[in-house]
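K.L.:
Residue strings, one per chain:
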Amino acid sequence: MIETTTSNKTVEALALAKEITTAWFWSLETAEPEPNRLDVKLASADDLLPIVTAMRVKRLGYLSAITGLDPGLEADQLEVLYHFCTGAAIITLRVPIPRHAPVVPSLSPIIPGAEVFERELMEMFGVTVSGLPIAEHLYLPDDWPEATYPLRKDFDPVSIRLTTEGGR
Amino acid sequence: MHQDQTVERFTVPIGPQHPALKEPANFLITVEGEIVTKAVVRLGYAHRGIEKATESRNWVQNLYLLERICGICSHIHATAYCHGVERLANVEVPPRAQAIRVLVAELERIHSHLLWLGVAAHEAGFDTLFMYSWRDRETVMDLLEELAGNRVNYSVNVLGGIKNDIDAGQTQKILAGLDYLEQRTRHYLDVVTTDAGFLQRTRGVGVMTRNQAEVLGTVGPTARASGVARDIRVEAPYAAYDSYPVKLTLEAEGDLEARFVVRIKELFECYRLIHEVLDNLPSGDLTTRMPRRIKAAETVSRVEAPRGELFYFIKSNGSDMPERVRVRTPTICNMTSVVKLAVGHQLADVPMILAGIDPCFSCNDRMVIVDRGIRQQCMSWDALRRYGIAYYHGNHS
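Residue numbers (this note's numbering), protein chains in the order written: chain G, 2 to 169; chain F, 145 to 541.
One should not assume that every hint holds.
Stated by the list, open to error - Derived PhoX-like pairs: lysine-lysine, alpha-carbon spacing no greater than 25 Å straight-line:
1. G:Lys59 <-> F:Lys484
2. F:Lys317 <-> F:Lys307
3. F:Lys459 <-> F:Lys196
4. F:Lys409 <-> F:Lys317
5. F:Lys196 <-> G:Lys154
6. G:Lys10 <-> G:Lys59
7. F:Lys459 <-> G:Lys154
8. G:Lys10 <-> G:Lys42
9. F:Lys391 <-> F:Lys409
10. G:Lys42 <-> F:Lys439
11. G:Lys42 <-> G:Lys19
12. G:Lys19 <-> F:Lys459
13. G:Lys154 <-> G:Lys42
14. G:Lys10 <-> F:Lys391
15. F:Lys182 <-> F:Lys484
16. F:Lys439 <-> G:Lys154
17. F:Lys459 <-> G:Lys42
It should be emphasised that the hints constitute simulated quantities derived from the structure, not laboratory data.
Chain G extracted, bound-state conformation (with noise of 0.2 Å):
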């Protein structure tokens, strides 16, 4: 008896999140690449604040994490996932964002507990989130060395060793 409602959750949220973001947001790729798996790749940061209040007006899912990817520098971009759960749906939001001016808006207005993976975020990859009522160090120390982003692919460990225990 669960187990049908749980499956008929799953599959309704990928149809709704599908309606939603091929319907009502034209020019939208999406890609199924696992059962349950719906990713979403957004043309620009700006598709993201409509798209996500969508979702939220109709209640479809959580938002489950934001994960950020680095390429690699030859692709000169970065791309910020954000998940969406519901029973056994995950829908993904992908977000491009150029390496050089990596922007994105906060949800943090729209989903309180987006904050904390947003400070994550920006510490982590160096990804500015404008609107972010609190945008200082989550996990990171406070006198850890400005625009060094750890979770970067050109990130280089021993060059960190070397400012904080200062040449000992």
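Fit chain F to the known structure of chain G by using the hints.
P.N.:
Leaving out everything else, chain F in the frame of chain G:
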């Protein structure tokens, strides 16, 4: 003297030294009189950069690294990682291995919930309950040691299966342990719902409505105590959970008492599940072959840790090392609720509200404890004692 009617506003730093549990986090709490008006959280005191470290280790090494993210829910981290990697590599794990993964996960949930019960009782000033529940927790710790050889970081999982089988003798020991724990758990449920002094600290405190719990994105027992039906074991069964279906434990009240009741009732569900696994344990292999390199792909692995949904995003690039491993632990989802719920409460309630979500900062910050260079694999009690004395002399003479 000038009579100022406005209440002075203070900002009280709580932590980083154990704000509630014996783990570090810092809360800046603004109070007007005794009432909290604002709370800001600062984490990272146990941050060791494990996500980054995974990118320079191979798939097998990462299993052992990720298992050490947390000392309480180590098995579930390894399980989440194994499931993700096995899916990336298109490897089917034998049914017996899947069932034993469930068995160990439920034993781990018992130990985690009992540990939390003690700590939360201690926060409420109920140290008798703390001592009893931790004494009883030893039962399940002994069972885990019996099964895996370790009390924490059991290391039961390997990529493609598990490494510890279970025999008839161990089954008997587990059943006997469960009988004892079941009887004790009934007593604890009675205590937390009837003890008048304890209820003053829990009933109606830190209330989170169902809507709030959904908006804040809470997970696990914290969400279920507010009536949100969120449990990955039910919603998206992994390992062998589709063969051993889980009954969802829900409470509607959303206060601290409900968080106690949900976790204690979940213990009964753990006992039932373990009985079911032991009664219907499939026979067969424990492991299957895993490739060393994994083609480029991405996967999401979600599992139900004792504290709620644990989320792994794993990206492979065709080599023997992952391109990216993203770990999102349940505590960070629930942490927002603490910061929001604390507002309007008395300062003295803050530790209890924090304890209510069962925070795990090591998970949160993704810490690793570096071993201090003991080279021997195994130490007798005597050798350990001698080592301790030598260590002490070496450092203080």
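K.L.:
So, against the hints stated earlier in the document, which numbers end up violated here?
P.N.:
Of the numbered hints, all hold.
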